[in-house]
Amino acid sequence: MATPSVDVYVKLPSGRTSVLKLLPTEQVKRINEQIAKEENILPRRVRVKYQGKFLDKSKAIGFLGIRPETILKAEFVVPRYIKVYAKVDGGGSAPVDIQNISTLEDLKSAVVERLEIVSPKIVKSFQSSGTSYRPCNTPLYETSITEESVIEVTIYDRTETDHTAIDDDLKDAVLSSFETNGKSVEVVFSFDTTGSMSPYLENVRKKLKETCQKLLRDIPSIKIGIMAHGDYFDYENYVIKIQDLTSNVQQLVDFASSTSSTSGGDAPECYEWALHKAQQLDWSEDSAKALVVIGDHEPHPPSYTDQNINWHTELDVLKGMGVKVYGVFCNSIEGNARKFYEELADRTGGCLLRLANFSLITEMFLGVCYKESNKEQLEAFTEELKLEGKLTEETKDLMKQLEDTKPASEERKTKGTPSYLKKYKFDWWNFKKDHTKTPQYSYNSETDKWTQYNNPTQIPPSTSPPSGTNSTIVKCSLFRGDRHSKRRGCNVM
1 MATPSVDVYV
11 KLPSGRTSVL
21 KLLPTEQVKR
31 INEQIAKEEN
41 ILPRRVRVKY
51 QGKFLDKSKA
61 IGFLGIRPET
71 ILKAEFVVPR
81 YIKVYAKVDG
91 GGSAPVDIQN
101 ISTLEDLKSA
111 VVERLEIVSP
121 KIVKSFQSSG
131 TSYRPCNTPL
141 YETSITEESV
151 IEVTIYDRTE
161 TDHTAIDDDL
171 KDAVLSSFET
181 NGKSVEVVFS
191 FDTTGSMSPY
201 LENVRKKLKE
211 TCQKLLRDIP
221 SIKIGIMAHG
231 DYFDYENYVI
241 KIQDLTSNVQ
251 QLVDFASSTS
261 STSGGDAPEC
271 YEWALHKAQQ
281 LDWSEDSAKA
291 LVVIGDHEPH
301 PPSYTDQNIN
311 WHTELDVLKG
321 MGVKVYGVFC
331 NSIEGNARKF
341 YEELADRTGG
351 CLLRLANFSL
361 ITEMFLGVCY
371 KESNKEQLEA
381 FTEELKLEGK
391 LTEETKDLMK
401 QLEDTKPASE
411 ERKTKGTPSY
421 LKKYKFDWWN
431 FKKDHTKTPQ
441 YSYNSETDKW
451 TQYNNPTQIP
461 PSTSPPSGTN
471 STIVKCSLFR
481 GDRHSKRRGC
491 NVM
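Those letters in the sequence shown? Residues 1 to 493, by UniProt numbering.
These are calculated hints, taken from the structure and not from any lab test.
It should be emphasised that the depicted structure is a prediction, and the values quoted were computed from it without experimental measurement.
Every residue gets a Cβ at the ideal spot worked out from N, C-alpha and C, and that includes glycine.
Watch out, some of these pointers could steer you wrong.
Stated by the list, open to error - Pairwise CB distance ranges, derived in the manner of DEER restraints: (1) K425 to Q250: 27 to 33 Å; (2) E75 to D282: 39 to 45 Å; (3) D244 to K209: 17 to 23 Å; (4) K400 to E236: 38 to 44 Å; (5) L12 to A94: 36 to 42 Å; (6) G52 to E342: 27 to 33 Å; (7) G130 to E236: 48 to 54 Å; (8) G130 to E75: 25 to 31 Å.
Can you make the complete structure from the sequences, with help from the hints?
Shown next as structure tokens:
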């Protein structure tokens, strides 16, 4: 699972070739920034092609299939002014002169100045050629906005009708961190199926068909996937099962109904393996993507298996693929595990959610999908809950958590070590504290199966049940010390 750097060759318009040493987890924007620095131009002017196609700046080079000594081609966008026409409801249109390398956020500022829009009115979005856009850092040349384009401007009047509402400027900044800009929406829910999680998952199973049908009515382009995982201890049952992204409701319902629960043994659980397997799902290149990791404990350190799986690296790969990760922490006991779910969200620009009550799992399921679609969908869902009398204090808190999203944190390195590794001293976080020499489980890539590590001198702790318990895997009832009991059930959802 090591990630050595690769040499990438970038051919420039001048004929010169630039050689960059990059990690597979680094994003294309890193190439743009380096080329711009070498050529003394703005990074937004640089576009990189691979096999005749412009690369998305937010994607990881490993995800795009860029291998050692791959030759890319760079093109430089020539800045020029274009004239567009801003049109508002009930009014005429006004010409706006702006550079093609300007961003949608720059366009918002130009429209505000040209149309003399003053508070409490604000520009919420634009529409051009049937595609909606929100103010963000996307350059105009990557949109359908070109010379002579007519842009329909949506203006929102912020009247003080609800003094308890969150400031709309803050909402715009928060919710625009995951813009779809007309893209399809893909959301994968990864469930820990060990015993203590069963109440959450059973609640989802009961309402899954109704929930998915509602989502497809409201967001026709949405695709949903489900991952169910126990722990390596459960290899005779399953370690992970996956229903890939689909819009087929019955496939999702059948998968949930036929997926049994697992034991898991003692904490931690194999969240690191779930992060790795999520990279192999059928994500669309141009979709808005989110992975929702739902659990109550922490991942294993790399030494736990012969694959040396580093959850930090797996998370960075997902970030490079443009996948935002939601951490849903379902343990009512505050502990170190919460920091894992915080990091999932913080590093990728996702959201940390606390679910102390399993009855809120369906609202979380819906809320995440609406948030990934657009701001209006989430607000409409909140209003619907209010009208139906379902907006309890706990539900209000959940909706607030969904809005409380921060931009993805940037990696900082000190002497080659990412700063996040130094945050905590747990062996599953800072691997310098992981002194285990012998793995407990091994993986066969040909069969996609896990087994106990073949070391007769060492019996993995998780296979030794407490005194007086039945050691048969199907009937075992293991405990996490003073934590939740783990019991094998029949259905998880």
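*Where does the structure disagree with the numbered hints, that is, which hint numbers, in rising order?*
Failing hints, ascending: 1, 2 and 6.
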